Each structure stands twice: as structure tokens, then as C-alpha cells.
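Engineer: Put together the whole structure using the sequences plus the hints.
Residues 218 to 316 in our numbering are what the sequence shown lists, from first letter to last.
Keep in mind that the hints were calculated from the coordinates and are not lab data.
What you are looking at is a predicted structure, and each value in this text was computed from that prediction instead of being measured.
Every residue gets a Cβ at the ideal spot worked out from N, C-alpha and C, and that includes glycine.
Among the hints, erroneous ones may be present.
Said to hold, decoys possible - Label pairs and their calculated CB-CB ranges:
1. 263 with 228: 35 to 43 Å
2. 305 with 221: 28 to 36 Å
3. 311 with 223: 36 to 44 Å
4. 309 with 276: 15 to 23 Å
5. 305 with 259: 22 to 30 Å
6. 313 with 229: 12 to 20 Å
7. 222 with 310: 44 to 52 Å
8. 300 with 243: 32 to 40 Å
9. 314 with 236: 27 to 35 Å
10. 289 with 265: 30 to 38 Å
11. 258 with 220: 17 to 25 Å
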Amino acid sequence: MASPEDVPRLRHLGTVAIERAYALDPNDPDVLWRMATHVARSTGDLDRARRLQRRALELAPNSADILLIAGWQSVELGFKGPDPVTWSRRAMQLNLRPP
Numbered sequence: 218m219a220s221p222e223d224v225p226r227l228r229h230l231g232t233v234a235i236e237r238a239y240a241l242d243p244n245d246p247d248v249l250w251r252m253a254t255h256v257a258r259s260t261g262d263l264d265r266a267r268r269l270q271r272r273a274l275e276l277a278p279n280s281a282d283i284l285l286i287a288g289w290q291s292v293e294l295g296f297k298g299p300d301p302v303t304w305s306r307r308a309m310q311l312n313l314r315p316p
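Structural biologist: See below:
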């Protein structure tokens, strides 16, 4: 189990990993949603974070996981309007079993 002293090092390792993954494959939907989270939390650039998340959805419109994650992240990323509910409902249609 990590101690509070380990947190900065672990965050740094996470940052290095997601930035490397994005550099290697910027069109992987799983990388894109993780990068969106990273951008929102590390820089506060919600516009870029939303673009990354929308790109993940464009690349994987029938992925229950990507749709559900988009719904979950919608508040943190500042999405407004009906899209997050639509994504969540579509995810449930694609996968009736709870995550």
C-alpha cells in the first residue's frame, strides 16, 4: 500500500505513462479518455479535455465502456446538455450488466 509520501512520485509516473501512451497512439479511445482526465486534472483545460473525450466517442461509438466513462466524466469535464445522459443510456443498451 502506498503511503502519503509516495503520492507525488506515483502521480508523476501516471503522468509519464499517459503522455507516453498518447504520443504512441493518439487515436486509441482508452488512451483518449484517460488523457482527457489527465488534462482536466493537471492543467484545468476543460475545452481540450472535452475534445479528447469527444474524439474517444467518435472512434468508439458502440463501446459500452467508453460511453459509460464519458457519462461518468461529464461533470468533471464540464459537459452541458443532454449528451451525458444519452451516452449513459446507450451504454446500458449495449451492456445490460452493471459495470
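Engineer: Determine for every hint whether it applies to the structure shown.
Structural biologist: Comparing the hints with the structure gives:
1. 263 with 228: 35 to 43 Å: With a Cβ separation near 20 Å, residue 263 and residue 228 fall outside 35 to 43 Å, so the hint is violated.
2. 305 with 221: 28 to 36 Å: Holds - the Cβ-Cβ distance for residue 305 and residue 221, about 34 Å, lies within 28 to 36 Å.
3. 311 with 223: 36 to 44 Å: Holds - the Cβ-Cβ distance for residue 311 and residue 223, about 37 Å, lies within 36 to 44 Å.
4. 309 with 276: 15 to 23 Å: holds (20 Å)
5. 305 with 259: 22 to 30 Å: holds (26 Å)
6. 313 with 229: 12 to 20 Å: violated (39 Å)
7. 222 with 310: 44 to 52 Å: holds (45 Å)
8. 300 with 243: 32 to 40 Å: Violated, since residue 300 and residue 243 (Cβ atoms, about 22 Å apart) do not stay within the stated range.
9. 314 with 236: 27 to 35 Å: Given about 33 Å between the Cβ atoms, the range holds.
10. 289 with 265: 30 to 38 Å: Violated: the Cβ-Cβ distance is about 19 Å, outside 30 to 38 Å.
11. 258 with 220: 17 to 25 Å: holds (21 Å)
Of the numbered hints given earlier, the model fails hints 1, 6, 8, 10; all others are met.
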